[in-house]
Structure formats: structure tokens, C-alpha cells
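Asker: Sequence:
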Amino acid sequence: MKISGGTQENGIVVGNAYDKYGSKNIFVKWMMTRFELSLSNFVAKAAPQSIHEIGCGEGYWVLQWHKKGLQIRGSDFSKQVIEIAKENAVSRGMSPLLFESRNIYDLNTTQDHADLIVCCEVLEHLEDPPSGLKALQRIVGKHLIISVPREPLWCALNFARGKYINRWGNTPGHIQHWSKKEFIKLVSSYFEVMEVGSPLPWTMLLCRPLSS
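Just so it is clear: in the sequence shown, position 198 is 1380 by my numbering, and no numbers are missing.
Read the hints as simulated data drawn from the structure, not as lab findings. Incorrect hints may have been included.
In silico SDA-like cross-links for lysine to any residue, where the CA-CA straight-line distance does not exceed 20 angstroms [claimed, not checked]:
no. : residue 1 : residue 2
1   : Lys1184   : Lys1227
2   : Lys1206   : Met1183
3   : Lys1268   : Glu1191
4   : Lys1324   : Arg1255
5   : Lys1184   : Glu1282
6   : Lys1250   : Thr1215
7   : Lys1261   : Glu1309
8   : Lys1345   : Gly1355
9   : Lys1363   : Lys1345
10  : Lys1202   : Arg1343
11  : Lys1362   : Pro1381
12  : Lys1227   : Arg1343
13  : Lys1261   : Pro1278
14  : Lys1211   : Ala1338
15  : Lys1367   : Leu1315
16  : Lys1362   : Ser1393
17  : Lys1202   : Thr1353
18  : Lys1227   : Arg1216
19  : Lys1211   : Glu1377
20  : Lys1367   : Pro1312
21  : Lys1211   : Pro1383
22  : Lys1345   : Tyr1203
23  : Lys1249   : Ser1277
24  : Lys1206   : Lys1367
25  : Lys1261   : Tyr1287
26  : Lys1362   : Glu1303
27  : Lys1316   : Asp1288
28  : Lys1324   : Gln1231
29  : Lys1184   : Lys1249
30  : Lys1202   : Leu1335
31  : Lys1268   : Leu1252
32  : Lys1367   : Ser1277
Label-pair distances were calculated between CB atoms; the ranges are [claimed, not checked]:
no. : residue 1 : residue 2 : range
33  : Glu1374   : Ile1347   : 35 to 43 angstroms
34  : Glu1309   : Gln1262   : 14 to 22 angstroms
35  : Thr1292   : Pro1354   : 29 to 37 angstroms
36  : Gln1231   : Ser1393   : 27 to 35 angstroms
37  : Lys1345   : Leu1392   : 19 to 27 angstroms
38  : Tyr1287   : Pro1354   : 17 to 25 angstroms
The C-beta atom is built at its ideal place from N, Cα and C for all residues, glycine as well.
Generate coordinates for the entire structure from the input sequences, incorporating the hints supplied.
Answerer: See below:
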């Protein structure tokens, strides 16, 4: 699958700087398997009729779920990354219309609503995470799956494998950092956290809208 490889758009790193999905590194493959198991488990529990992935990047999960017959679409603020996602769709015989460019802060109920909203590896890139969470509140039908890197573990593991040494292991584009406890506390202000997943080195939450 084609990835952005650290491309910048308006000075912001977009998409995946590192091909974690296609890596042949045994440890990375182990981590991604755990991530996929946790994500798939949460999707199964949500049992959605429709899915909208916010911050879909190059489209890996959208294409995986579409292949399984789920009603799915993806959006990302980066027009460059969405073009890559469309290329990835076409190369697999799927419609490029699965993807569109949307800024998380501009999401609205009419255009972006779905039973399940998936927002993985997005909030760490945002200058204003609370506004991002408020935008997700507007479009969630029944469930939200959201994940971020678990810190300081994420940076430590990058540093240990010799990546981003001059940044102390911080992945390009990551401007927010949360421990598991801190992230649960943040999200709990906007959603009811139903279940917590800990696929190393991420924190993943299955949530639903707060009761009125």
C-alpha cells in the first residue's frame, strides 16, 4: 500500500511517516497484530450499520473494512493523503469515492454522521484536541473508537529502535502526548468510556455518547 512517507502539507506532517502496515520487522508486525485485534474486537462490539473513519490517512482500515462488506467511508484533512487513499482504492478495484477531504473541526451531523466513528492516531496531531472531541460529539451515532500513542512508552520504543533520535523518539507530527490515565480522563469529559484497550504501545477506547 502506498503511504505518504512523512509528506508535509502546509507545514504539517500528514499520513504515515513509517509504513507500519507493511513492515517486515517482527516486533512491529506483532504490535500491529495486537492493534488490529483490539480494533476489530471493538468494531464487532459496536456492530455498526455505517462507519466513518476520521483521519483515515492513506485508507488502510477503510479498504480492509470495505472488503469485508461494511458500509464505510473515510476522511482526512490532507488533500494529498486523500489522493493517495484514492489511488490505493483504485489499485484494489474499489471506488475512490470512499474517500474525501474533511477537516475534523468542520465535521457536521448532516454530512459526516455514522453509527460508528473511528478516530485512530489523530488527536496527537491536533493543536486543539478538545475542539476535535466536540466535533466528534456532533457526528457520533452510537459508538466512537478512538486511540492515541501511549506515552512516554511510544517515544521510548522509537528511541530504542534508533528512530527520531534527535527528537527523543517523538514521531514527526505528534504534538500532544498522553498517558493512558490522562487520555481516559480527557475523553471521559466528552464521551462515556465503555471499554479500554491497551495494545502495546497505544491506548484505545470504545465509547458512546454521554447520557443527556
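Asker: Would you mind marking each hint as holding or not holding in the structure?
Answerer: Evaluation of the provided hints:
no.: 1; hint: Lys1184 - Lys1227; result: 30 angstroms, violated
no.: 2; hint: Lys1206 - Met1183; result: 14 angstroms, holds
no.: 3; hint: Lys1268 - Glu1191; result: 17 angstroms, holds
no.: 4; hint: Lys1324 - Arg1255; result: 16 angstroms, holds
no.: 5; hint: Lys1184 - Glu1282; result: 17 angstroms, holds
no.: 6; hint: Lys1250 - Thr1215; result: 18 angstroms, holds
no.: 7; hint: Lys1261 - Glu1309; result: 19 angstroms, holds
no.: 8; hint: Lys1345 - Gly1355; result: 14 angstroms, holds
no.: 9; hint: Lys1363 - Lys1345; result: 26 angstroms, violated
no.: 10; hint: Lys1202 - Arg1343; result: 14 angstroms, holds
no.: 11; hint: Lys1362 - Pro1381; result: 11 angstroms, holds
no.: 12; hint: Lys1227 - Arg1343; result: 34 angstroms, violated
no.: 13; hint: Lys1261 - Pro1278; result: 13 angstroms, holds
no.: 14; hint: Lys1211 - Ala1338; result: 18 angstroms, holds
no.: 15; hint: Lys1367 - Leu1315; result: 13 angstroms, holds
no.: 16; hint: Lys1362 - Ser1393; result: 23 angstroms, violated
no.: 17; hint: Lys1202 - Thr1353; result: 13 angstroms, holds
no.: 18; hint: Lys1227 - Arg1216; result: 17 angstroms, holds
no.: 19; hint: Lys1211 - Glu1377; result: 24 angstroms, violated
no.: 20; hint: Lys1367 - Pro1312; result: 12 angstroms, holds
no.: 21; hint: Lys1211 - Pro1383; result: 13 angstroms, holds
no.: 22; hint: Lys1345 - Tyr1203; result: 17 angstroms, holds
no.: 23; hint: Lys1249 - Ser1277; result: 11 angstroms, holds
no.: 24; hint: Lys1206 - Lys1367; result: 35 angstroms, violated
no.: 25; hint: Lys1261 - Tyr1287; result: 15 angstroms, holds
no.: 26; hint: Lys1362 - Glu1303; result: 14 angstroms, holds
no.: 27; hint: Lys1316 - Asp1288; result: 10 angstroms, holds
no.: 28; hint: Lys1324 - Gln1231; result: 10 angstroms, holds
no.: 29; hint: Lys1184 - Lys1249; result: 17 angstroms, holds
no.: 30; hint: Lys1202 - Leu1335; result: 17 angstroms, holds
no.: 31; hint: Lys1268 - Leu1252; result: 18 angstroms, holds
no.: 32; hint: Lys1367 - Ser1277; result: 39 angstroms, violated
no.: 33; hint: Glu1374 - Ile1347: 35 to 43 angstroms; result: 40 angstroms, holds
no.: 34; hint: Glu1309 - Gln1262: 14 to 22 angstroms; result: 19 angstroms, holds
no.: 35; hint: Thr1292 - Pro1354: 29 to 37 angstroms; result: 34 angstroms, holds
no.: 36; hint: Gln1231 - Ser1393: 27 to 35 angstroms; result: 22 angstroms, violated
no.: 37; hint: Lys1345 - Leu1392: 19 to 27 angstroms; result: 38 angstroms, violated
no.: 38; hint: Tyr1287 - Pro1354: 17 to 25 angstroms; result: 21 angstroms, holds
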